[in-house]
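Please work from the sequences and hints to get the whole structure.
Protein chains in written order, with numbering that gives the first Met the number 0: chain A, 0 to 111; chain B, 0 to 111; chain C, 0 to 111; chain D, 0 to 492; chain E, 0 to 492; chain F, 0 to 492.
These aren't lab readings, by the way, just hints derived from the structure by calculation.
You may find that some hints are simply not true.
Unchecked claim - Here chain C is said to cover these stretches of chain B; the calculated rule only asks that three of the stretch's residues, wherever they fall, bring their Cβ under 8 Å from a Cβ of chain C:
id, region
1, 15-29
2, 43-55
To be verified - Simulated pairs of lysine-lysine, DSSO-like, Cα-Cα distance not exceeding 30 Å:
id, chain 1, residue 1, chain 2, residue 2
3, C, K39, B, K78
4, F, K346, F, K397
5, C, K106, A, K84
6, C, K84, C, K39
Positions of the beta carbon are idealized from the N, C-alpha and C atoms, including for glycine.
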Amino acid sequence: MKKIEAIIKPFKLEEVKEALNEVGIEGMTVTEVKGFGRQKGHTEIYRGSEYTVDFLPKLKVEVVTADNQVEAAVGAIVKAAKTGKIGDGKVFVSPVEEAVRIRTEEKGEAAV
Amino acid sequence: MKKIEAIIKPFKLEEVKEALNEVGIEGMTVTEVKGFGRQKGHTEIYRGSEYTVDFLPKLKVEVVTADNQVEAAVGAIVKAAKTGKIGDGKVFVSPVEEAVRIRTEEKGEAAV
Amino acid sequence: MKKIEAIIKPFKLEEVKEALNEVGIEGMTVTEVKGFGRQKGHTEIYRGSEYTVDFLPKLKVEVVTADNQVEAAVGAIVKAAKTGKIGDGKVFVSPVEEAVRIRTEEKGEAAV
Amino acid sequence: MKKLLLTLTLLLGLSATAALAQDAAAAPPGPTATEISTSAARAAAAAEVAGGVAEDDQKAPAYLELLESQGEYGYAFDFFAVSMLWTVIAAALVFIMHLGFATLEAGLTQAKNTVNILFKNVFIICMGLLTYALWGFVSHYPGDGWLIEGFFAFGKPIGDLNADGGDTFGYGGLALAMTGFGDFIFQAMFAATAATIVSGAVAERVKLAPFLIFSTLLVGIAYPWVGSWHWGGGWMGSLNGGNGFKDFAGSAVVHAFGGFAALGCVLLLGPRHGKYVGGKIRPIPGHNMPLATIGVFLLFLGWFGFNGGSVLSAAPGPLGLVVTTTALAAAAGGLSAAIVSWMFLKKPDLSMALNGILAGLVGITANADIVSPAGSIIIGLIAGIIVFFSVLFFDKIKIDDPVGAISVHGVCGVWGILAAALFDTTDSGYTVFGQLIGVVAVGAAALVFSLVVFGIIKVVTGIRVSEDEEAEGLDIGEHGQEAYHGLFATAER
Amino acid sequence: MKKLLLTLTLLLGLSATAALAQDAAAAPPGPTATEISTSAARAAAAAEVAGGVAEDDQKAPAYLELLESQGEYGYAFDFFAVSMLWTVIAAALVFIMHLGFATLEAGLTQAKNTVNILFKNVFIICMGLLTYALWGFVSHYPGDGWLIEGFFAFGKPIGDLNADGGDTFGYGGLALAMTGFGDFIFQAMFAATAATIVSGAVAERVKLAPFLIFSTLLVGIAYPWVGSWHWGGGWMGSLNGGNGFKDFAGSAVVHAFGGFAALGCVLLLGPRHGKYVGGKIRPIPGHNMPLATIGVFLLFLGWFGFNGGSVLSAAPGPLGLVVTTTALAAAAGGLSAAIVSWMFLKKPDLSMALNGILAGLVGITANADIVSPAGSIIIGLIAGIIVFFSVLFFDKIKIDDPVGAISVHGVCGVWGILAAALFDTTDSGYTVFGQLIGVVAVGAAALVFSLVVFGIIKVVTGIRVSEDEEAEGLDIGEHGQEAYHGLFATAER
Amino acid sequence: MKKLLLTLTLLLGLSATAALAQDAAAAPPGPTATEISTSAARAAAAAEVAGGVAEDDQKAPAYLELLESQGEYGYAFDFFAVSMLWTVIAAALVFIMHLGFATLEAGLTQAKNTVNILFKNVFIICMGLLTYALWGFVSHYPGDGWLIEGFFAFGKPIGDLNADGGDTFGYGGLALAMTGFGDFIFQAMFAATAATIVSGAVAERVKLAPFLIFSTLLVGIAYPWVGSWHWGGGWMGSLNGGNGFKDFAGSAVVHAFGGFAALGCVLLLGPRHGKYVGGKIRPIPGHNMPLATIGVFLLFLGWFGFNGGSVLSAAPGPLGLVVTTTALAAAAGGLSAAIVSWMFLKKPDLSMALNGILAGLVGITANADIVSPAGSIIIGLIAGIIVFFSVLFFDKIKIDDPVGAISVHGVCGVWGILAAALFDTTDSGYTVFGQLIGVVAVGAAALVFSLVVFGIIKVVTGIRVSEDEEAEGLDIGEHGQEAYHGLFATAER
Ligand SMILES: Nc1ncnc2c1ncn2[C@@H]1O[C@H](COP(=O)(O)OP(=O)(O)O)[C@@H](O)[C@H]1O
Ligand SMILES: Nc1ncnc2c1ncn2[C@@H]1O[C@H](COP(=O)(O)OP(=O)(O)O)[C@@H](O)[C@H]1O
Ligand SMILES: Nc1ncnc2c1ncn2[C@@H]1O[C@H](COP(=O)(O)OP(=O)(O)O)[C@@H](O)[C@H]1O
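Structure (structure tokens):
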């Protein structure tokens, strides 16, 4: 199994979710994060002084899935999340050795 | 070392923490997340219109631990987090290659 | 590629960011988390009763980077995040198999 | 549940229509006699208040006599107008207490139950005003329309309370210097308070519809019923050896009433899941202290109208005294609760200081017009100490009251009633014993009413949400609506 | 944009300086004639209000005659003083409605647009007060200074409104028992309301600077212009067969005016991105329901001053009636909207109950002084039902109004005007038809003004932020400022 | 620290007991002479205010003479009653300013220090009311009880302020138309304001107990001491060539006093960690802009009572003028601060607009009763510009003031005092020089008091929390209580 972690722009969540559903993935976990990267932050003002905000709001979507679904899933995410503008985010894939469904104690790919 | 990531129902945190303590694990990191899965969301109402909320509040508990503790830890989590109802969550195990305790710069299993 | 996950004290973020920039790392993702560990929580009071808060606010900094940068990055984080007091946090390193930049669909080390 | 609710709706609709019909019949031909007669009972109630005034005013009898001697009340119109204006403004101040309760209760409970708390408070003020118009006011002040003399009277919809012209002392005399509508609106704002007190105590676990039905009965029927014993000229006038029960603005008939009704409900309801685990108390901290603080300041503000308006005229002497004693007691209560919490818990507890202010306010409510400034400070200091130990006590015996309503309104309500005997500077003959009888009667009535009515509802429909719903929060369970939407909500749509 | 803004600033600065100059010239030598004459038109407007009072007061003509017969108004000074005091307090209550609007609108929109909402509301109250002083008041109440008789008058800066001494009925007579400054400040607080209503409807997508210019013109020019037709003694006095248009405190000239102006803006602006997708409505929930609830309670509180102050004196009879009918209609509106939402949506909707309270308040505003309590309850019940279906309707036809301003103020404003004819207990000859003409005229004027002026601005500078900015939020885009900073902000600095 | 605190508690308890004893001794036998005599000094102070009134009222001397000629004040009772009522309502409005300060300060600071801010504000209003009753009022208005003539008087507990009957002009005459208790409660609400101003400036780093002790001394001793120079009939009456110092409602003796006391504290305390790093300013944004906005609107509302109540009667002429000038100055301040920030920072800064409203309000406070509407607009416009540059200036010189209290209250307080000379329309002989002397004296006294007293406390116990505690937040460090609890808190219990 693999874990796919995608950092995306917040307003793309709905589209990413639907794209994943379409390739048969029906479980995912989402976290609010702040991202720092090439997309430059913006200047903010507060009581007369300016300052730079480097960290921008993003969402992290995590999906654990069987090896043979990874490519489809990554493809779906990339397609749905792309705006073509800087700051669109990244997708990372890493190995997962075991998965357990707490409710049933099923293990492995059956659990995800 | 392995990283154990458990997605659990929020009100189970205390029990999971205690179960982990009992098997000798004394460090963990918790994140508020939203989960999407078989547990269907609910309908909400706002100013006269209905809409579906698919993402449900969950907590993610992360524990990095020595290989030989993994089984006990996963078992403890599963036992503590189970309600038997849909949406209880998942446990994922993945490899960790290195760990450093910032304060002491200890490395490896000594660091977790 | 590797993923470096660092749990740090919140007020150290700025310094960690700058330390990472100095070793040439220009992308990272940060999450608000709560940590449980040796650093004991504190007692709080509410309407006449005391209770213990075990989970302390921390930040998780995630960086995916090329293998040959890992050492420098970990070193930079450790140096910047250290106060020498308990609760300084941990750094974990784990394998990443693939990375995709959503905007350009670049893959691998070019994507991070 | 749904059925009960629909029945309720229907009943409300019917009464409103009936009221309209009555009204339509009565109004056009010409001003008929006012619905609420300025009966002997009402005059008696008013005289009790006037008593306090008169004693302070010994220097000005000439003017008062002058007013009364004027057949037409001509020159006195202005005093009447200013008093009536004060009544209306005081009603607005009491109204804002409902926002105070809403934010205090929301702040001291969990985020996942916030919509539920807010909805309950919105419902109670709306329903409270309507039931008071349709039934409560007439039942509260029956004049000579008692069913059981001095003990119970039926209510009915108010009619044209300006039928007497709405511009002279004819409605209530010098000691009730307002029009019928002024009297109504001021009292109506009080009425909803009692039910709101209960709402905080049962928060985070009570089923919505049964609570709404209970609170409708509480505010619609029980509150004016018990209140009529004192303010309606009922049997309490014979307490204290005929000097009457002393409860200036309602430490007993509003606050203790609400507090003991809350106690009854909590006894039937049980504590929140997870509050008491293995003999240990696990505090469930409120989710938003600024909201709670806003609530207490608004309640403090509203109390200027609650106590100040209870002078029932703009008589300058008593008005100045009442607002001064009220503010000093609040300040003393806040301070002593903060200091006591600091001494016993090592750290100063904001949530306790806030409760202390309310404790001081409830404590002074029965006696604000008859104590000295120094007396008011002491009453407040003691109230602040009482509320601290009372909150601890109820937690110890596992009576789970998320906002401290039982301690603040119930226990400190009793303290205020007793303090009226202890700190009276007017030698009016109030005794600790006489006062105790009164407040016990009120508290017992509230408690029994709650146990019986809420008990019946418990048997019929249940009163508590499921454990799952409690864990998930009542906002989603009862309302399908969340109080806060962050980045996520935005993202998801 | 910047240029328009600077021009605006300049104009403002110039007028202020001009005003000072005029003032400096006029003031020292001695009290000159008051700038705002108590003209025939003003007296007429006042008389209309007095009408309502007089009818209720048939028993007290002796006193009123007495007052008028006193050449010096000596004894009447106190009634004048108390009335003036009420005017000032009512102005303060109406002022707090602006906080109510600010928190309601902020609560019902997304967190990322909160600074923007708050800024707009701060701007509107500030700009509204200034333009009303520099132009609006005189244009609103032109006396005999009409440019087009009964239809339009130029404005100019107010001068020394105490020039008549500021202490007698000389300014406005018995039915306008206040000084010139009292009159001004009360009316000025009303003025900003109309623009604030629009601000909620266009929230989350309107470009800041164009909206500020539009709202300056709306509050500065259009509001007093349309208002002069009714309150300024304009052509509406001939409606209802010469009995005049009945709009007690502004269901039409304030609320419907604001609501229809909002409709015009929303038509030009289009819905928020993502609100209507593929024929489906996707609600965009507000980010903070406690804030929204605070807003509605503050608006309810402020309405004591809005309607109560519109008695224009402290006359006890009408005052008591007006606050009672106002409160009952609000309560009924909140309850019926809650119940209807419960029946149709299976769950009780807090956001709807809140809108229902406001619907009841807007519905009673035109007629609070001429209906019975039962009438007010029915007006409120119906308003609550109307607002529920109206909100659904506008969503269905894809008119996106984040806070329901068009339904609450526009639709229920119309309802209030009609209800004045339907529930009148004073036989004043108001007809549904006559009322309809009036409210249609007001609504059409507001709509056309919006379409034309906002339309021109749309062509010249654009009125909508970019899609990217809308997604990211207007707080960062327009202000470079965020409303909330958590742990993160702390960490990052 | 604990010891100091306990001592404080003890002292407070003792004084209260002493007060009770005194009171008990004095009250029963019969009304003794009022504790606060209507001394020559008081009358003089009152006359100053009356001066402003009289000049506007030249047309009504007949009525005023009539009132004075009536031995019994009979007919005048109503004017007295309405004035007293206004005093009480104004006190309530000033009270709500404390909630305004609490929410403004909480909103403009970080979430981790919110409980601390709220606690300080709760403490200050409580302690302020009590110390004012036990010491301050008598020391503030010494009558002829000066220790050092015109410069310092001891305080003592208030007694029965209704001893004169509480119902005639006997207490303060026509220009102070209120009872003793009315006078007390209105002044008491003012008193706590000065300490609250300081609380914002020292936020996020000051140690709790030392600050509470300091603020107790500031509000209890220093405020009435300095205030007695002006309002107590002290030496400032000889300024401006004997015309007296002009500070209508306290630009100097309340606001500049608080602002300069804040400056002293901040100088001793140093900036927050991380505010100035390597010569650069790093803004620390407030955590909750809606809370801050609520605060400013509530302060604006409260100012209706702060300035309006300072008319010290309900005299219609001055009352209307004062509320109008107050509102216009606030509006102008908000607008000019917004526009200046827009021009200099490219974007409109909500936090600055909010500060601008307060700047306008502070600027008009000294002179609201003697300027024209146009004058008030210009005063406000300039105040808004001043506050913008002042905030920038103090940041530049590394005086870290999280809420801008020094700029808003200190600097704009000075501006208001000078504006009284510049924009006076009454030819009262106020000179820039005379005004400057007064405000410098007040500011210097506040600054020196702070430096000395807070300096001593700094040496004895320290005044600043540890760097660790500052990083973690004072809520946990000082209170063991957090302001916000989310999903997590729920989960964890
Ligand atoms: N090396 C990295 N490790 C982890 N997260 C990263 C890394 N680089 C970028 N990110 C995340 O991806 C987001 C987008 O990256 P950015 O460089 O701004 O634009 P783009 O994805 O278009 O290249 C960042 O905000 C950050 O959250
Ligand atoms: N493939 C997955 N990858 C990551 N997280 C998942 C995955 N499937 C489920 N989850 C997480 O686990 C939670 C519970 O899953 P769900 O399918 O609802 O019920 P159950 O665990 O009982 O099968 C989800 O809310 C989601 O957070
Ligand atoms: N085994 C672990 N797995 C995951 N996170 C851990 C683990 N141990 C500690 N942490 C994280 O590191 C933080 C600091 O650890 P702690 O034991 O308190 O202090 P120190 O880092 O000084 O040893 C914790 O708050 C927790 O977030």
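- Count residues of the region 15-29 of chain B with a Cβ under 8 Å from any Cβ of chain C, then say if the count reaches three. holds (count 6)
- Query: Quick one, are C/K39 and B/K78 close enough, alpha carbons at most 30 Å?
  - Reply: With a Cα-Cα distance of about 25 Å, the restraint between C/K39 and B/K78 holds, given a limit of 30 Å.
- Task: With a cut-off of 30 Å on the C-alpha distance, tell me whether C/K84 and C/K39 pass.
- Result: Status holds; Cα separation ~12 Å.
- Message: Tell me whether the statement that chain C covers the region 43-55 of chain B is true, taking a Cβ distance below 8 Å and needing three residues at minimum.
- Response: violated (count 0)
- Task: Measure nothing beyond the straight line between the CA atoms of C/K106 and A/K84; if it is 30 Å or shorter, mark the hint as holding.
- Result: Given pair C/K106, A/K84 holds - Cα atoms ~17 Å apart, limit 30 Å.
- Task: Assess, step by step, whether the Cα of F/K346 is no farther than 30 Å from the Cα of F/K397, and give holds or violated.
- Result: Distance ~24 Å between F/K346 and F/K397 Cα, so the pair holds.
Comparing the model with each earlier hint shows a violation of hint 2 alone; every other hint is respected.
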